[in-house]
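Keeping their order, the protein sequence lines are chains B and G. Just so we're aligned: the first sequence equals residues 4 to 117 in the numbering used here. Just so we're aligned: the second sequence equals residues 4 to 117 in the numbering used here.
There's no promise every hint is true.
Below, simulated DSBU-like cross-link-like pairs (lysine-lysine); rule was C-alpha separation at most 35 Å, straight line [stated by the list, open to error]:
| id | chain 1 | residue 1 | chain 2 | residue 2 |
| --- | --- | --- | --- | --- |
| 1 | G | LYS74 | G | LYS14 |
| 2 | G | LYS74 | G | LYS17 |
| 3 | B | LYS71 | B | LYS52 |
| 4 | B | LYS52 | B | LYS64 |
| 5 | G | LYS74 | G | LYS60 |
| 6 | G | LYS14 | B | LYS52 |
| 7 | B | LYS64 | G | LYS14 |
| 8 | B | LYS52 | G | LYS60 |
| 9 | G | LYS74 | B | LYS52 |
| 10 | G | LYS60 | G | LYS14 |
| 11 | G | LYS17 | G | LYS60 |
| 12 | G | LYS60 | B | LYS71 |
Calculated from the structure, these hints are not laboratory results. In this text the structure is predicted, and so the values were computed from the model without any measurement.
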Amino acid sequence: AQSVTQPDIHITVSEGASLELRCNYSYGATPYLFWYVQSPGQGLQLLLKYFSGDTLVQGIKGFEAEFKRSQSSFNLRKPSVHWSDAAEYFCAVGGNFGNEKLTFGTGTRLTIIP
Amino acid sequence: DTGVSQNPRHKITKRGQNVTFRCDPISEHNRLYWYRQTLGQGPEFLTYFQNEAQLEKSRLLSDRFSAERPKGSFSTLEIQRTEQGDSAMYLCASSLRQGATEAFFGQGTRLTVV
Chain B
4 AQSVTQPDIH
14 ITVSEGASLE
24 LRCNYSYGAT
34 PYLFWYVQSP
44 GQGLQLLLKY
54 FSGDTLVQGI
64 KGFEAEFKRS
74 QSSFNLRKPS
84 VHWSDAAEYF
94 CAVGGNFGNE
104 KLTFGTGTRL
114 TIIP
Chain G
4 DTGVSQNPRH
14 KITKRGQNVT
24 FRCDPISEHN
34 RLYWYRQTLG
44 QGPEFLTYFQ
54 NEAQLEKSRL
64 LSDRFSAERP
74 KGSFSTLEIQ
84 RTEQGDSAMY
94 LCASSLRQGA
104 TEAFFGQGTR
114 LTVV
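Isolated chain B (complex conformation):
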């Protein structure tokens, strides 16, 4: 069975500070991994995805994530956060051929303080 763990329920960072959101996954084969962002009352927007190849992937809005197979992790990073980054962030696994569903973590709520 596939699963995702996001150990941090809520993170608060100062504007301009760096950010790292943690994600650990469990998957029986080579995973497809995703990070989505959700603003209050809104749907999900894809930030970035990993399928294969370079383990450091770049996404939109200045985000990046690194796939580490040995640690079963796919942490999201941003060097300098902006107030507009305040939102809920979800890590997800799955979605490759023969496995159409995405399994999401419980999310990390990001608060930005001035």
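Fit chain G to the given chain B structure using the hints.
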């Protein structure tokens, strides 16, 4: 390309009533997914369609739930005899490629059962 459209955005209903939600995917996307998201949780997979065929259903999709995608275009999700536990955000996503590798989400329909 106007994105995935969901209607209504909000629905308040009395317990025991039936409700129906509609999802219009991105045109030419042959895959369509329904997810449910409760407060403080990540989205959970409900079901998915490839064209008009419903190919997978989660155990979360009880007998009171039914989804259709006639002609492989828009989809409807109906909940019969609603219960308070059905209160959630119902998200629709669509994809063109195999697997949910490029899934685009709608803004969701928030259901409140009173």
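For the pair supplied as a hint, LYS14(G) and LYS52(B), confirm whether the alpha-carbon distance does not exceed 35 Å. holds (32 Å)
For the pair we were handed, LYS74(G) and LYS17(G), check the Cα-Cα distance against 35 Å. holds (31 Å)
For the pair we were handed, LYS74(G) and LYS60(G), check the Cα-Cα distance against 35 Å. It holds: about 19 Å lies between the C-alpha atoms, which stays within 35 Å.
Could you grab the alpha-carbon distance between LYS52(B) and LYS64(B) and see if it respects the 35 Å cut-off? holds (14 Å)
Just to be careful, I want the Cα atoms of LYS64(B) and LYS14(G) compared with a cutoff of 35 Å; is the pair within it? holds (32 Å)
So if I understand the rule, the pair passes when the alpha-carbon distance is 35 Å or less; does LYS71(B) with LYS52(B) pass? holds (14 Å)
Below or equal to 35 Å on CA atoms is what counts here, so check LYS74(G) against LYS52(B). holds (31 Å)
Are LYS74(G) and LYS14(G) close enough, with their CA atoms no more than 35 Å apart? Distance ~26 Å between LYS74(G) and LYS14(G) Cα, so the pair holds.
Holds or violated: are the alpha carbons of LYS60(G) and LYS14(G) at most 35 Å from each other? holds (24 Å)
Tell me if the straight-line CA distance from LYS17(G) to LYS60(G) falls inside 35 Å. The hint holds at about 26 Å.
Between LYS60(G) and LYS71(B), is the straight-line Cα distance small enough, at 35 Å or below? The hint holds at about 31 Å.
Can the restraint linking LYS52(B) and LYS60(G) be considered satisfied, given a maximum Cα separation of 35 Å? At roughly 25 Å apart (the allowed maximum being 35 Å), LYS60(G) and LYS52(B) satisfy the hint.
Comparing the model with each numbered hint stated earlier shows that all of them hold.
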